[in-house]
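Chains E and Z are the protein sequences, given in the same order.
Letter by letter, the first sequence follows residues -18 to 78 of this note's numbering.
Letter by letter, the second sequence follows residues 2 to 516 of this note's numbering.
Hints were generated in silico from the structure; no laboratory data involved.
If a hint is listed, it holds; no wrong ones were tucked in.
No farther apart than 20 Å at their CA atoms in a straight line, the calculated lysine to any residue pairs in the SDA-like style are these:
| no. | chain 1 | residue 1 | chain 2 | residue 2 |
| --- | --- | --- | --- | --- |
| 1 | E | K70 | Z | L351 |
| 2 | Z | K97 | E | E4 |
| 3 | E | K70 | Z | M331 |
| 4 | E | K70 | Z | R332 |
| 5 | E | K70 | Z | R327 |
| 6 | E | K70 | Z | P105 |
| 7 | Z | K97 | E | A61 |
| 8 | Z | K97 | E | A63 |
| 9 | E | K70 | Z | E347 |
| 10 | Z | K97 | E | Q60 |
| 11 | E | K70 | Z | T342 |
| 12 | E | K70 | Z | E346 |
| 13 | Z | K97 | E | A(-1) |
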Amino acid sequence: MSITRDEVAHLARLSRLALGEEELDHLAPQLDQIISAVARVQEVTAEGIPPTSHALPITNIYREDEVVPCLPRDVVLSQAPAVEQERFKVPRILDED
Amino acid sequence: MSDELTTMTAADLSAALVSKDVSAAEVTQAHLDRIAEVDERVHAFLHVAADQALAAARSVDERRAAGDGLGPLAGVPVALKDVFTTTDMPTTAGSKILNLWQPPYDATVTSRLRRAGAIILGKTNMDEFAMGSSTENSAFGPTRNPWDLSRVPGGSSGGSAASVAAFEAPLAIGTDTGGSIRQPAAVCGITGMKPTYGGNSRYGLIAFASSLDTPGPLARTVLDAALLQEAISGHDPMDATSISDAAPPVVAAARQADVAGLRIGVVTELSGEGYQPGVLSRFSQAVELLESLGAKVTEVSCPHFRYALPAYYLIAPSECSSNLARFDAMRYGLRVGDDGTRSAEEVMSLTREVGFGAEVKRRIMLGTYALSSGYYDAYYGKAQQVRTLITRDFEAAFGQVDVLVSPTTPTTAFPIGERTDDPMSMYLADLCTIPSNLAGNAAISVPCGLAPEDGLPVGLQIMAPVLADDRAYRVAAAAEAAFTERWGHPLLAGAHGLDHHSETSTTSETKGAGR
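Work out the full structure, taking the sequences as your base and the hints as a guide.
As structure tokens, this is what we get:
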């Protein structure tokens, strides 16, 4: 076994997914199977081979720092789950105690 | 007349529009009528924008009447995958987490379609966040294959492929991260192209795996696909990975349609065990056909392609776990459980739990795992090295031959429900398409017949080097012309899932394509 149910539960917490118990029972063996399959990359001898993070040899892109109009505030806020005083309204981010 | 308009190619529609034999409004209405007639059964569209489409069509007609210079796609309808932002239509990416989201800006692909005068009919169904190979991972229900409504249309651009195969649109835009244009095109019997990475802008394309995501065209002919690619491609300053080189001349290449003297390599590793016999037999016939047209065929080995699938299922989920962190229930989209007692973090976790489907959750967790300290080198790091080796395999192969060929998919369209709870078997659908995503080169799928055992379409994949998109089009168009001549009709004329245009299709049956 490459990954346990407890480890999958931990991954779910790291991923900010409030998985239910039943869902965890279902997903844990599937992830185990997938991880075992993708672990095949470890068979490849790749010593000294540089990693590729991107298909094209692009390193950095610069542009002139020009001021351009941004999106109108009302248009952006029209899609927000909650708005107050022309700002995004969010649930509390700190514990009460 | 409206029947005729929906079966015409985009190139023919363009000519009819230019000569004013037909108006853009008539063409658009004919396709809207077709959607109203069949889409309840196909479910290719998540949103049909009838009013906007007709208004855009009338505007094209007015400009044409006024003598304005218009591009070839002015007045030609197109279906747009629901992963591109549109200011006048909702954009969901097939996910509940973006249900009814109205984007504040247009994707570059969207604005270039509008600039070209193409008529956007609506937004097509897809696997949630483009993760899947069957369109069954859509939060809004599956799309069905017009060849057989009990089967999948492939994915993730299954809605786009099905809309074109069902004559609801002559053209569609998809995205290809691991095969999501070519695989649905193959199993729906149409043409689909993954351009060179960076050839088409990703601005406004909701990201899945940013180093792999590539917008591209789906169409009923190779020339139509080229016309659509030319309309959307080219450098975009809004996408830092956009290529600044001139876009390859793909329309001219599609018209050239010849392979005489071209060196074609058959990839050893993309055949054999796990491939359906009918897929392999149609593929072999396609290779023989190309040889008969004057191509020089050799076998080429790309030893690391065997590791493309596992490398992809580390790289793509890793990028996805990072990209999808933006769905945090704070600034847009769904928010669940914000009752005043819960913290932002609890609301975030609940929203993502309710808003994401099973496949998206699997991939987010897989990516989170692969990027964890302690596992990074063994998984993500190793996958990136494999990506280098695959790119080197391509470079070595393209030193010997001009293009590489393989089947597009190991099997034909599978029944709806067959693989939904077996992720590894679903992933195998992209076995042949993934290498070109990892290396970023151009690759196209063109129909090469029907598998004798099930009568369903098989795709021929043609892979060309980075920025040699035109070469892929040239070979695909040559194969298309020779096949169409051999069959006596386009492959799609044999699609009976909707009993569409029964007079023409029942007589042609599959006899030509089956030979």
